[in-house]
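Colleague: Below, each chain spelled out in residue letters.
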Amino acid sequence: MEKPDLDKIIVYAEHKKGHLDPSCAELVGKAKELSVKYDDNVVIGAVVLGYEISEVVKDLSQTGVDYIWYTDHPKLTRYNSEYYALALEEAVRFIAPELILIAATSQGSELAPTVGARLKTGVAAHCVDIVADDNGQIVNIVPALGGKFLTEIKIPDVRPMISTVKPSVFVKKDVPANSNVQTVRIESKALDSYESRIWFVAESVKEENEKPIEEANVILCAGMGIVDEENWRKLNELAARLKCAVGYTRPVIDLGVVNNDHNMIGTSGKTIRPQLYVGFGVSGASHHICGMKDSQIILCINSDENADIFRLSDYKVIADCGAILDAMLELTGGLNG
Amino acid sequence: MLNIAVCIKAVPDEECYNIIKFDPVMKTLIREGISMVINPSDLHALELALCLKEKLGGEITLISMGPMTVTTQLRECLSYGADEAYLMSDCIFGGSDTLATSYVLSKGLRHIGNFDLVLAGNESADGATSHVPSQLGEWLGYPHVMEVCALNIVDEKIAAVRKKADNYFVDYTVKLPAVFAVSRGMNKVRYPSIRGILSSKGKEIKVLTAESIPDLDISMIGLQGSPTKTGQLITSSFHRDCMLLDGSNEEIASAILGMIRPVIDD
Ligand SMILES: Cc1cc2nc3c(=O)[nH]c(=O)nc-3n(C[C@H](O)[C@H](O)[C@H](O)COP(=O)(O)OP(=O)(O)OC[C@H]3O[C@@H](n4cnc5c(N)ncnc54)[C@H](O)[C@@H]3O)c2cc1C
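Going down the list, the protein sequences come from chains F and X.
Take the first sequence: its letters are residues -13 to 323, numbered as in the numbering used here.
Take the second sequence: its letters are residues 235 to 500, numbered as in the numbering used here.
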């Protein structure tokens, strides 16, 4: 059987305030890895949308892509799902790639299904891996039933195929820059004449000094076993003393102790792979495991000796996590520090 | 008066996730003993619809695509205070991916009437692709916004919404009709009232088959209308050899600190 064609893979390059999103390098790395399977005869391109984005285009040219297609238009000054979908659709029709990789960020999670619907093609969501099988078919490995199972998704008959990948799911690889990057500007006629039905009003300021949990070496993760606000406070005190990050499971948010869900770990939150994950009263539900299973060392404290999380742990402590927290605080400057 | 549609999906009960077994020979799920529930996010969409109706008046129509058993979940939704329910059920809808599902739902909604707002949960607990709301918006030709965590109706033509975007929030005004995907954080879901439960018993759940919708393009639905083909389920076998840390609390605490300290960020 002849291999299906795979001539072009494009990465949707998201950027904010002049900086490329880290997901871009992760996706380019995966595209490179796939291209090897097709004897390296694959053009790896990036599409970038925005207004006055020459700096971003320059940064993009260092990521190892062969081609950059960009649309520079005042209507793309800030993200608007209608304008961005229109421009991305236009670019994709022009480029005619076989595969599009999009980060499942807030923006990408809107754009991928939208453009998928416009092109009447398939979108594989939240891939944990993308591989080429022996027949040269692209196979997306995606979580099913909250990550309890995995399943394969193929898009055999329609092109382009679209795959979305959550940030940090693929590890960034060092791809050498192509010294001969081709840059193509797409002039958008469609944008000129389209008026969006969605109007931007305001944007909350992001807490700048908040270090992304994905970058932490050690994460202390609160599960419902921390039981109350008192233990939550203790956990945060300990984390501050040791300079490690604090994550949590989804039900912890409902305790009302956090005012956002930035550091929630799991399928609907962050994917982390720290050197050390310490779980305090985490049961090990599939939704949560999905986001932390690749941690280098997993240590969990749970009062239930049969907790599911222990099957995935390198070290287990069967104890009340409040008592362990107290003991750890004692050893790091006293209970009341 | 607002005409609000709420999309409902029946999903396997989350409580059953850890008992769902997988037949390694047939490569299928053993669904025995797995109860179906209303997708949790959808209840937040329904709650928003109920609040809007209380404030501004209007009518709430539920729509779901699925097997006939979904009448159970739709009836439950009616007991919260929704007015009407439609179940799109036909064996040729089976195997639909998100593109085909959103197509079927869009045809159903067009058939039923005109809506100012189409609400859906932001994600389903089982597939969790979060594709259907956007794709439904595309089929209907309406603007659509995902991860909506606050919504107000400005006037009959405009909604003001707050969208959660990664680590921050963005406020938009959106022209109606529109599709909004409601995130869990928007509201607390009420309990159905006894009166609601009783009155839901008498309500008819209208069934729409492929034949009910004259302009339905059969090539767009079911397996043949679905560009994505789902393969076998693979058990994700995460397993590590686990060592017990034993001793007094102090000994354990000190052992844990001994692991943390060498690797903390500088
Ligand atoms: C669509 C969907 C998406 C979801 N996405 C996510 C997600 O991204 N991330 C996520 O985390 N969850 C998510 N969830 C929720 C998920 O299914 C689980 O409910 C959740 O992960 C469980 O959190 P937990 O382990 O903290 O709580 P529980 O399951 O309640 O477990 C608490 C654990 O603490 C132990 N414990 C109790 N008391 C003590 C004590 N004193 N000392 C020590 N241990 C104790 C118990 O033995 C138990 O094992 C999602 C659910 C749905 C439906």
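Just so you know, the hints here were simulated from the structure itself, not pulled from any lab data.
Hints are not guaranteed to be accurate.
With the Cβ distance kept under 10 Å, some of the chain F side facing chain X (calculated, not the full set) [as the list claims (entries may be wrong)]:
id	residue
1	A103
2	P260
3	Q261
4	R297
Covered by chain F, according to a simulated footprint, are these stretches of chain X (three or more residues, beta-carbon under 8 Å) [said to hold, decoys possible]:
id	stretch
5	268 to 281
6	375 to 385
7	407 to 414
8	420 to 434
9	460 to 467
10	488 to 494
Ideal Cβ positions, reconstructed from N, Cα and C, are used throughout, including at glycine.
Colleague: Can you name, in rising order, the numbers of the hints this structure does not satisfy?
Modeller: Those not satisfied are hints 5 and 8.
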